[in-house]
Amino acid sequence: MTLTNYLVLAAVLFTIGAIGVLVRRNAIVVFMCIELMLNSVNLTLVTFARATGTIDGQIIAFFVMVVAAAEVVVGLAIIMSIYRTRRSASVDDANLLKY
Amino acid sequence: MGASPVLDTARFDTVAVDAINAPDFSLAGITPLLCVFGAAAVGVLVEAFAPRNVRHPVQVAVALAGTLGALVACVLLAGTREVTAAQALAVDGAGLFLQATIAGLGALSILLFAERSLDPARSSFVASAAVPAGSARDRELMTAQRVQTEVYPLATFAIAGMMLFTAANDLLIMFVALEVLSLPLYLLAGMARRRRLLSQEAALKYFLLGAFASAFFLYGLALVYGSTGSVQLADIRAAGLEDSTSTLPVIGLGLLIVGLMFKASVAPFHTWTPDVYQGSPTPVTAFMAACTKVAAFGAILRLLYVAFGDSEWTWRPLVYGIAIVSMLVGAVLGLTQTDVKRMLAYSSIAHAGFLLTGVLGLGPGGTGSGLQATMFYLLAYGISTVGVFAVVTLVRDGDGEATHLSQWAGLARRSPLTAAIMTLFLLALAGIPLTSGFIGKFTVFRAAIEQGAWPLVVVALVASAIAAFYYLKLVVLMYFSDPAEDGPTVGVPGLPTTIVLAVTVSATLVLGVVPGAVLELAERAAIFGA
Amino acid sequence: MPETLPATGLLSASWLLIALPLLGAAVLLLGGRRTDRWGHLLATGLVAASFVLGVLSVVQLAGLAEESVTVDLFTFIDSGSLDVRAGLLVDPLSAVFLLLITGVGTLIHVYSIGYMAHDPGRRRFFAYLNLFVAAMLVLVLGNSYVALYVGWEGVGLASYLLIAFWYTRPSAATAAKKAFIMNRVGDVGLAIAIFVMFAQLGTTSYEDVFGSVGLLAGGTVTAIGLLLLLGACGKSGQFPLQAWLPDAMEGPTPVSALIHAATMVTAGVYLIARSAPVYDATETARTVVLVIGAVTILIGAVIGCAHDDIKKVLAYSTVSQIGYMFLAVGLGPVGYAAGIAHLVTHGFFKAGLFLGAGSVMHGMGDQVDMRRFGGLATKMKTTFVTFGLGYLALIGFPFLSGYWTKDAIIEAAFDKGGTSGWLLGGVAVLGAGLTAFYMTRLMFMTFFGTPRWEDGVHPHESPPVMTVPMIVLAVGSVAGGFLLTQTFPLVEWLEPVFGPEAEREHVIAPLLVSVLVTAVVAVGVIAAWLLVGRREVPVTAPARVSPVVTAARRNLYADALNESVFMRPGMWLTRALVWVDNRGVDGAVNGLAAGLGGSSSRLGRAQTGFVRSYALGMLGGAVIVTAALLAVAS
Amino acid sequence: MLSNYMPFVGLFVLAAAFALFSVAAAPYVGPRRYNQAKLEAYECGIEPVDQPLTGGRFPVKFYLTAMLFIVFDIEIVFLYPWAVSNEALGVFGLVEMAVFIATVFIAYAYVWRRGGLEWD
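Respectively, the protein sequence lines represent chains V, G, U and H. As numbered in this note's numbering, residues 1 to 99 make up the first sequence, in order. As numbered in this note's numbering, residues 100 to 629 make up the second sequence, in order. As numbered in this note's numbering, residues 630 to 1263 make up the third sequence, in order. As numbered in this note's numbering, residues 1264 to 1383 make up the fourth sequence, in order.
Just chain V, with the same shape it has in the complex (with noise of 0.2 Å):
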């Protein structure tokens, strides 16, 4: 069985990840799809370390899924400040730096 099948399968959800971040206007989603992209890579990494031989892949992916936890209590934290300050989750309203 060949392993680029997960390969493909990875990328099109890195894809997916990347498209939802530029497309989704919550804060939340957006964040969600950040974790897709991480989560594509550790399937990435987990198929190499098959390909490979090596189970350096396999540990990496349970690296990626700690620092992976820490965004996610550092990320939440930071967009429920905001929430909370201006009852919107909306990335589009954090909008007053610029130019």
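Everything labelled a hint here was simulated from the structure, so no lab data went into it. Ideal placement from N, C-alpha and C gives every residue a C-beta, glycine not left out. Treat the hints with care, since some could be wrong.
[Stated by the list, open to error] Which chain G residues stay away from chain U? Per the calculated CB distances, all over 12 Å, these:
#, residue
1, G168
2, A177
3, P219
4, R236
5, T242
6, A333
7, G351
8, S410
9, S580
[What the hints assert, rightly or not] With a straight-line cut-off of 25 Å between C-alpha atoms, the simulated DSS-like cross-links for lysine-lysine are:
#, chain 1, residue 1, chain 2, residue 2
10, G, K572, U, K941
11, G, K572, V, K98
12, U, K941, U, K806
13, U, K807, U, K941
14, U, K806, G, K572
Since chain V is already given, all that's left is putting chains G, U and H on it; use the hints.
Only chains G, U and H this time, still in chain V's reference frame:
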């Protein structure tokens, strides 16, 4: 790797078992890192157990002890060359020089954080970030003299991440370090006491874009790993790009570069910079602008020259182009800015371009003077940047810092000393002789010319001339305009800011007038790997 | 160049000479109003300390075998192939300037304490004066052209600030701008000369440049010589860049005395004398120096005859006297020492004359028009006597300073031989006669005759703090020439720099020259007495005068020349460009600035503040980066 | 072989049929006497309100607890690989893990002291 990797279970299993061994570990070599990480952990414990009224002095002391300890440790380690922790960390001249730079600049930033006599509320950080901006509780806290002490462990963690970033000899460690330095910065950016909406917006933008960039970096890591079977820089170098017909590692390199250039605020990945620099509390801006730049360039240099040093003709044209774009974007866009911090952000983008000029000054096989030039430039730029933002914290009106350019008109008449110091830093940023900035620019340009990149240097000179215009515009504004009636006042700095200003002013002058010793130090330290 | 030694003892602390006045400037400028009360005393004290240190250093220098030492200050850049060092060079030539600058500088600081006593900007004034002294010392003590250039720009800045000291007067502001711009013309020449040296020789230190000047092509050396000369002309107010100097008299009088008479304006002479090895290698450039010197002698003297403003007369006199110095250094080895000697004595008597003029103005309510003076000899006795001695020294009255030093130059001019020798000598003698004429005219109009004072003016002698420096300078004017030519000949002192005194054939016996010059001077004095001294001076200048006088009053049309050569075409060009701009072609006048500003705001629009558009930009960047890498890799 | 499982299939089919029948038949056969209480989501217990008390938002405590759970839960991920290769790593691995757990404990202590574990 071929286009269709095939599963080989037997091989996978044997390799997996062999791979697990206890790594070699040189504790001595990573003392600087341990110092800062230790200080950060102690800071968290202090936050947990120390009574509120003693926390501030204790936290400042812990953070300073950690950073200064790391600085001392780097100095003591000078000359060490080894790769430790299962090939994941490099202890070498360049790494130690940059770690010492980050530790020193970090200590100065901590001092700016600790300033308590400028703001009537005794701190530039919000007392409680969880309280919604503009609520009754927020207004109550605005004037209360409660101070936020969590910023110190956060900043210490960021410094530790930055130092790890420059020492990483492994893409995974590089990624972890990238996150360790970024996550606290996202939070710090949103902690301004005044203009909280702007601050929160800055944090949100920095966070979303930073996470987006990390995802690119990570995908690049995965692709490089997939094509070379390893994430260690030495292995990647051994695998090489030219041998492989695959496009995988090339795309991977591109994505890694994107992730790092984002942190270094190089155009076209700079868009977050002006917004975040403007919105963040000024001490945090100083910290980000100075330390993150050093760390990011440390990682860029290591990635390009250690991992991909054998295939530099793949990335050289790209970096060449990015450098030009960055210099021109920074110089031209800075012209029409009306906010001091925003203007300095564009200046930072232009400087990133100048630094890339130095990166290109490193020749094949690490020949040429590009590495030492870039390291010196980073040091000089970092010092001036901390200094210039320290001055920004001094100029205040009733609403906090007065950052609009028009408010700086005639500042020389209100406070000649402040204006003189600001002028010195601006001249240093513009690269006028007898300041550190001139020597920095001179050395990077010379390194680039030695590698035949003179067209780049011509562009760099044009960009410097354009950028000099906005620095000098501010100087002219301070000296030759009439001060506004209700203009800002210049606060009397307390001990911490005074120390920062004294150190940065003297360092800017010393590096400009007698740079010999430091240039020599950089030259001797300009070594990658064991 | 003689061998230079590393400095030892006191000489290794030469940097203090510069650091002391610089410290003064820094304290006064940064200290703000806190230093208002004692700042001027500090400034004066520091310059005096610098002078004392200078004297001690020179004494030590005189005792050394090799009379030239370098002080390595620091290595500016030393990495790889590039090695830029900054250091000081103390040799007989710089020692002379060192003493002149700090000595006269100290006296003028003291005088200014009295002169500026009631000025609200006193602190600022002393800060600038200190800054000037420091910069001037950098200029003469630096051991490379780059150091000289740093000092050169520094004195330019100080001079600009001091001319515009009373910046509320439009005339002062205009004069400062004029000085600044005309100096820039010269500075560009100097800067290009330095670039050429660096490009050709890879160094700018005196030692290395002079050591390898022989390796350069003749044309290059000539180019360097002419460019240096352009710089010298700008700074020293020589033809054709002389017009700024008289206008610079808008500054306070002590400034005119120190900067625009005794020291800064002689920097051009220093530059040419210091670059002697360059000029030794290029006859063409040296000849141009001679011509410029000779032309300037006459221009300065002729214009000096027609002005009624006491400071402008003295200013043109300065222009003319520096012409003598240029003439001297243009003559080569026979003239270097003579030129420097005249520079030193001129520094004394011209500074004394300016201080005297300042004292007169002080007593006459800041009046500068000589037609409003007269009969002051009895009212201001000290001023009269010191001014008179300076006057006698300047016109070359036998056995006073000018007699010794100016005659030496005239002698050397004749000794050049051939037609050119006679021509130059003749011009120099004629200049001496004109000098005698206009200075005598000045004396008569100011100190003799009937008072023509404006109502309400009560002339009075100045306080001792002002008269004492004048007395000291007068003593110097009387004795300086004798000391420097007979007792302690400057020629011998400067021998390590310029080589031994050249053997020369005297075309005319020195005694004869002396008699001739004295006779011509006497004619000038008598002419002045006949035309001015024995008549009543009209309060308003007569309108119906010969074209020559009109031309002289208009500064020999130098301003008109400037206007027609630089300003008119400049304005014409501007108009043409505005026209081009208006025609819609991408404007060349404000094109660059506007273009950059415009593109800045247009590009700035891309910074929309929307996270999503930033992310789009990053994604686009990532795509481009990856595509570019793939394009390169494949 | 599969025939052994046929009774299970029969049971599933029967169960599904009964469920479907009950649901479908109830509206037709049952009496229809509604009152207010019968329309409530819960017929006994706490009275539900239209909106959550905080105006359309969850108390932040839920969020905080969820996050703490994620962070501490993820750390466990690293214990498994170590446990598997404990023998290969030896004392070094043990010390390393002790340091790691101590570090996590620091974070735990912080959360505990700052009241992160208290619901009110």
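Hint by hint, here is what the structure shows:
Non-interface call for G168 of chain G relative to chain U: holds, since the shortest CB-CB distance, roughly 31 Å, exceeds 12 Å. The claim that A177 of chain G is not at the interface with chain U holds, since no C-beta of that chain comes within 12 Å of its own (minimum 18 Å). Consistency note on P219 of chain G: stated as away from chain U, and its beta-carbon is indeed over 12 Å from all of that chain's, at 25 Å minimum. Every C-beta of chain U lies more than 12 Å from that of R236 of chain G, the closest at about 28 Å, which supports listing it as non-interface.
With a closest Cβ-Cβ approach of about 30 Å to chain U, T242 of chain G is found to remain outside the 12 Å limit, as its non-interface label requires. At roughly 21 Å from the closest C-beta of chain U, the C-beta of A333 of chain G stays outside 12 Å, upholding its exclusion from the interface. At roughly 9 Å, the least C-beta separation between G351 of chain G and chain U is not larger than 12 Å, which violates its mark as non-interface. Its closest Cβ contact with chain U, about 8 Å, brings S410 of chain G to no more than 12 Å, contrary to its assignment away from the interface.
Under the 12 Å C-beta cut-off, the non-interface status given to S580 of chain G relative to chain U holds; the minimum distance is some 15 Å. Between K572 of chain G and K941 of chain U the CA atoms are separated by roughly 37 Å; this puts the pair beyond 25 Å, and the hint is violated. Note on K572 of chain G and K98 of chain V: the hinted pairing holds, with a Cα-Cα distance of about 21 Å set against a maximum of 25 Å. A C-alpha spacing of about 18 Å is found between K941 of chain U and K806 of chain U, which places the hinted pair at or below 25 Å, so the restraint holds.
Between the alpha carbons of K807 of chain U and K941 of chain U the distance comes to roughly 16 Å, so the proposed pair stays at or under 25 Å and holds. At most 25 Å may separate the alpha-carbon atoms for a hinted pair to count; K806 of chain U and K572 of chain G meet this at roughly 20 Å.
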